[in-house]
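Residue numbers (this note's numbering): 908 to 1016.
Keep in mind that the hints are not guaranteed to be accurate.
As the list claims (entries may be wrong) - In silico BS3-like links for lysine-lysine, alpha-carbon gap of 25 Å or less:
1. K957 with K909
2. K957 with K981
3. K909 with K969
4. K951 with K981
5. K951 with K909
Please keep in mind that the hints were generated in silico from the structure rather than gathered at the bench.
Just so we're clear, the structure is a prediction, and the values are computed from it rather than from any experiment.
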Amino acid sequence: MKHLAQGIITRRTELSESYFLLELECQEIAREALPGQFIMLECKGETFLKRPMGLSSADPEKGVISFIYHVTGKGTRSLHSQLIGETIEVIGPLGNSFWKEKNARTIGL
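Working from the sequences, and respecting the hints, build out all of it.
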């Protein structure tokens, strides 16, 4: 079930020169997110459209989700300028998740 929620920025980690991991406290989405799903984020500022971001993790116990982004245009620059503790409007989880049949075996990783 998708939710319209307010995510609180709790951490930003620099992975390389223009790639970052952003962590949001967002209980509603963290409880229901599955592998392969994504969220839509409102990037404040000059942007009109929400930005899709693939979830890299969701911790339902802590109520935290995270995703990796690359600073490339107005939307991601606006997202990157937001401070720890600020809120972002989030819609999700969206999309189909990965699934595994009950008796399936792992054949490669």
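Hint by hint, here is what the structure shows:
no.: 1; hint: K957 with K909; verdict: 15 Å, holds
no.: 2; hint: K957 with K981; verdict: 12 Å, holds
no.: 3; hint: K909 with K969; verdict: 19 Å, holds
no.: 4; hint: K951 with K981; verdict: 10 Å, holds
no.: 5; hint: K951 with K909; verdict: 21 Å, holds
Checked against the numbered hints given earlier, this structure breaks none of them.
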